[in-house]
Amino acid sequence: MLLSRARRDISLFDTALSTAFDRPHRLDLLRTFLAADHVNRLRIVLHDAQSIGRDCPRLCALMRRYSEAVSVHQTTQAARSAADPLIVVDATHVLRRVHYTHPRSVLITDDAAATRPLLERFEQIHEASEPALSPTVLGL
Numbered sequence: 001m002l003l004s005r006a007r008r009d010i011s012l013f014d015t016a017l018s019t020a021f022d023r024p025h026r027l028d029l030l031r032t033f034l035a036a037d038h039v040n041r042l043r044i045v046l047h048d049a050q051s052i053g054r055d056c057p058r059l060c061a062l063m064r065r066y067s068e069a070v071s072v073h074q075t076t077q078a079a080r081s082a083a084d085p086l087i088v089v090d091a092t093h094v095l096r097r098v099h100y101t102h103p104r105s106v107l108i109t110d111d112a113a114a115t116r117p118l119l120e121r122f123e124q125i126h127e128a129s130e131p132a133l134s135p136t137v138l139g140l
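Note that our numbering has the sequence shown beginning at 1, numbered continuously upward.
One thing to keep in mind: the hints can contain errors.
The following label-pair restraints were derived from C-beta to C-beta distances [stated by the list, open to error]:
#1 GLU68 <-> THR101: 34 to 40 Å
#2 THR101 <-> SER67: 31 to 37 Å
#3 ARG5 <-> PRO103: 18 to 24 Å
#4 HIS102 <-> GLU68: 34 to 40 Å
#5 ARG23 <-> TYR100: 26 to 32 Å
#6 GLU68 <-> SER105: 28 to 34 Å
#7 ASP28 <-> ALA78: 33 to 39 Å
#8 GLU130 <-> MET1: 27 to 33 Å
#9 HIS99 <-> HIS38: 33 to 39 Å
#10 PRO57 <-> GLU120: 31 to 37 Å
#11 ARG80 <-> HIS102: 24 to 30 Å
#12 ASP9 <-> PRO57: 22 to 28 Å
#13 SER4 <-> VAL106: 17 to 23 Å
It should be emphasised that the hints constitute simulated quantities derived from the structure, not laboratory data.
Using N, Cα and C, we set each Cβ at its ideal position, and we do this for glycine too.
Working from the sequences, and respecting the hints, build out all of it.
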């Protein structure tokens with residue numbers, strides 16, 4: 001699993017997060033990652049950031065516990081056309097779905113050069129987003 005490779009940074013873009021993201025095993029990996037070092041960061045950008053409060057109670061609890069390390073943004077109109085969910089780990093691993101409606105994905109591991117354009121893609125989407133949920137309040 002890609003999350004188990006994380007040592008410093010996890011950058012995730014998707015249209016929304018579902019209950020599938022909130023599974024205990026996945027949250028255990030995120031908890032281990034965030035607890036490993038105070039400089040570790042989890043950045044999440046979504047078209048529908050409210051999906052976290054609605055569908056991911058475990059993630060909400062994790063965000064409250066590690067509020068300094070987790071940021072959640074929602075895309076602005078400028079980035080609403082982005083339709084290629086991706087997760088970039090430590091600028092060397094990436095999983096990208098070609099389109100959110102299709103299961104076809106591309107997995108790159110241990111290749112910073114191949115990952116760089118997709119990290120840049122994430123940064124572009126992140127720049128066209130705004131803070132959505134306060135990890136301590138979570139908009140609830």
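Here's how the hints hold up against the structure:
no.	hint	verdict
1	GLU68 <-> THR101: 34 to 40 Å	holds, 35 Å
2	THR101 <-> SER67: 31 to 37 Å	holds, 33 Å
3	ARG5 <-> PRO103: 18 to 24 Å	holds, 22 Å
4	HIS102 <-> GLU68: 34 to 40 Å	holds, 36 Å
5	ARG23 <-> TYR100: 26 to 32 Å	violated, 19 Å
6	GLU68 <-> SER105: 28 to 34 Å	holds, 31 Å
7	ASP28 <-> ALA78: 33 to 39 Å	holds, 35 Å
8	GLU130 <-> MET1: 27 to 33 Å	holds, 30 Å
9	HIS99 <-> HIS38: 33 to 39 Å	holds, 36 Å
10	PRO57 <-> GLU120: 31 to 37 Å	holds, 33 Å
11	ARG80 <-> HIS102: 24 to 30 Å	violated, 18 Å
12	ASP9 <-> PRO57: 22 to 28 Å	holds, 25 Å
13	SER4 <-> VAL106: 17 to 23 Å	holds, 19 Å
The structure shown violates the earlier hints numbered 5 and 11.
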